[in-house]
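Following the hints, complete the assembly by docking chain A with the ligands onto the known chain W.
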Amino acid sequence: MLQKKICLLGAFSVGKTSLIQRYVNKLFSDKYLTTVGVKIDKKQVTVGSTDLTLIVWDIAGEDDFTSIRSAHLRGLSGYIVVIDGTRKNSFDVALALHKRIKTELGDVAAVFALNKADLKAQWVINHEHIHALAQLSYPVIETSAKLDQGVEDLFMGLARQLVPENSEV
Amino acid sequence: MSSFLSSICRNINLIAFTRNPIGQFTPCSAMPDWLVFFLVKPEDTGSYNLIEAFPYLSCFIEDAEQHWQAKCAEPLSSGVWIEIDELEHELPLEASVMYLDGQEVLLLQQLGEKYTQDLSRLQQVRNGLLTQEMLESEVKRRTLEIRKREEEIAIKLVSLTSLRDEETGAHVRRIGLYAAVMAKALGWSSEAIDTIRVAAPMHDIGKIGIPDRVLRKTGVLNDEEFNVMKKHTEIGANMLRGTKIPVLAMAVDIALNHHERWDGTGYPQGLAGEKIPISARITTIVDIYDALVHERVYKKAMPEDEALGLMQDMAGRHLDPHLMAVFLSLLPAMRRIRLEVTEENEERSDLEETEEVCV
Ligand SMILES: Nc1nc2c(ncn2[C@@H]2O[C@H](COP(=O)(O)OP(=O)(O)OP(=O)(O)O)[C@@H](O)[C@H]2O)c(=O)[nH]1
Ligand SMILES: [Mg+2]
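Going down the list, the sequences are from chains W and A.
165 is the number that this note's numbering gives to position 165 of the first sequence; each next residue is one higher, with no gaps.
5 is the number that this note's numbering gives to position 5 of the second sequence; each next residue is one higher, with no gaps.
A portion of the hints provided could be inaccurate.
[As the list claims (entries may be wrong)] Below, in silico cross-link-like pairs of lysine-lysine (PhoX-like), each with a Cα-Cα straight-line distance of 25 Å or less: (1) A:K275 - A:K217; (2) W:K146 - W:K43; (3) A:K244 - A:K148; (4) W:K26 - W:K99; (5) A:K41 - W:K43; (6) A:K217 - A:K231; (7) A:K300 - A:K230; (8) A:K41 - W:K42; (9) A:K140 - A:K244; (10) A:K184 - A:K148; (11) W:K146 - W:K120; (12) A:K184 - A:K275; (13) W:K88 - W:K42; (14) W:K26 - W:K42; (15) A:K230 - A:K275; (16) A:K244 - A:K156; (17) W:K120 - A:K300; (18) A:K140 - W:K88; (19) W:K88 - A:K148; (20) W:K120 - W:K102; (21) W:K43 - W:K31; (22) W:K88 - A:K71; (23) W:K120 - A:K148; (24) A:K217 - W:K31.
Don't read these hints as lab results, they were simulated from the structure.
As the structure is a computational prediction, the values presented were derived from the model and not from experiment.
Isolated chain W (complex conformation):
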């Protein structure tokens, strides 16, 4: 079966692990347990008539103490950049990461997740930010790992970019 390596990137505590947990295991926890080291999960999806296994790499969040190893990006077919709508800083980190990956890997499939949509009242990411993201011409999807909103769309949004178009129905 077709296998594609994808990874979730973004500042620490934006919800990378939570989105994967929600998508793969249908679980969510409010407690913040930071990820140290890489965790790999698998999930089978079907795009059109193509069955596909997503190999999902959960990479530790980026901050002043940890930065992403280039080796982790080897063989990457696509990535999800996660932004925490309640934290402006996570928006800046997302743009910087996206830029770095583009220069390192060239054009690979990507999707932006605006996570914690259940906390919209506390969002500091506004229309202008979202507009700026949309300009990069990758899908931007609002998600809530907590309420299971947009999570399926998020991963499918990426999976669809990974399957050659002629095999789609």
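Relative to chain W, chain A with the ligands alone:
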């Protein structure tokens, strides 16, 4: 391997492999219990495909290969990854490779306690960073709120005077917006830009102390009346003076000096050139622009090009020529403010606000 060394390996949860020519890994120390779940299969041949067992290693093997080829004896580490074991516990693992005695060696270690310590240290650091980020954004939000209130109070103050003279709320707001555009172009800090946006509208606040017979006179003022009128600069400054609020401090400068002229022929002090605070020099320019291009009770609106011509004549005499040039370069932005912030629009947004309140 001696049993002594084997015991050490067991104690630190480490296993050593050598790689054979077909790329399989053969253990050269005892297989630890925690590893059996991942490696051992019924058709066990005694050597293992570690890359298949641990997909994480797929991103490491390229570097490892180079390391072996270069015959490096120092260990090269893979970085930490997490596996889930048969008890559904997280198992932190790390591999390192080296070239020893003609052998391609791979060490695999379960990090255990060391990982837990690193984890809890990082958890603390990140929790701390989150709290800090939260506090910072809370401070930002509150500062913004206070700013907005200051602005509202300023506008309310100014509206006291506009009850008596003919200046409108829209004019007052435009002055602040034009001034802020100038300040931004001049590279002011964002706080200073906010400050002038609130302070500039207060330039005429002293008119509240000018008697009606002068303030509301429709004809030309005589000398005595003009002298009374001039007092609005000092009255305004005195009204606003004596606080530690930055907005009011700048408002004092502006109220006092917005009728000073670049060549020193203005009032009340006859200051010249850069002796006149820059906030006031900016306000003078934008106030004249706005007054010229808008209709007043006592005069018609002047076409913009005519107004600009007039102002260019004033540059170097009445107006700061450098700031005038800056103003001209910003004309499109000024024009947008002029067309967007009008009496009608202001009334409409007032109405909308009232409606919202009613709902
Ligand atoms: N309200 C809300 N909280 C969320 C959501 N997603 C994640 N969280 C919470 O945000 C915190 C961080 O989530 P994680 O999934 O651990 O974040 P991460 O990006 O993996 O963090 P690192 O591994 O440290 O980089 C946790 O407390 C989660 O419960 C969401 O959609 N809504
Ligand atoms: Mg995580």
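Is the straight-line distance between the alpha-carbon of A:K41 and that of W:K43 25 Å or less? The hint holds at about 24 Å.
A:K275 paired with A:K217 [C-alpha distance capped at 25 Å]: violated (33 Å)
Need the status of pair W:K120, A:K300: alpha-carbon distance at most 25 Å? violated (49 Å)
Straight-line alpha-carbon gap W:K120 to A:K148, limit 25 Å: Distance ~22 Å between W:K120 and A:K148 Cα, so the pair holds.
Could you grab the alpha-carbon distance between W:K26 and W:K99 and see if it respects the 25 Å cut-off? It is violated: about 31 Å lies between the C-alpha atoms, which goes past 25 Å.
Against the 25 Å threshold, does the CA-CA distance of W:K120 and W:K102 hold or violate the hint? violated (29 Å)
Within 25 Å, alpha carbon to alpha carbon, are A:K244 and A:K148? Holds, because 18 Å separates the two Cα atoms, which is no more than 25 Å.
Does the alpha-carbon distance linking W:K146 and W:K120 stay inside the 25 Å limit? Cα-Cα ~13 Å, so holds.
Next pair to validate is A:K140 with A:K244; report whether the Cα-Cα distance is within 25 Å. With Cα atoms ~21 Å apart, A:K140 and A:K244 stay inside 25 Å; holds.
If you draw a straight line from the CA of A:K184 to the CA of A:K148, is it 25 Å or shorter? holds (19 Å)
Between the alpha carbons of A:K244 and A:K156, is the straight-line distance 25 Å or under? holds (20 Å)
Hey, W:K146 versus W:K43, does the alpha-carbon distance stay inside 25 Å? holds (19 Å)
This entry does not satisfy hints 1, 4, 13, 17, 20, 22 and 24, going by the numbered hints stated previously.
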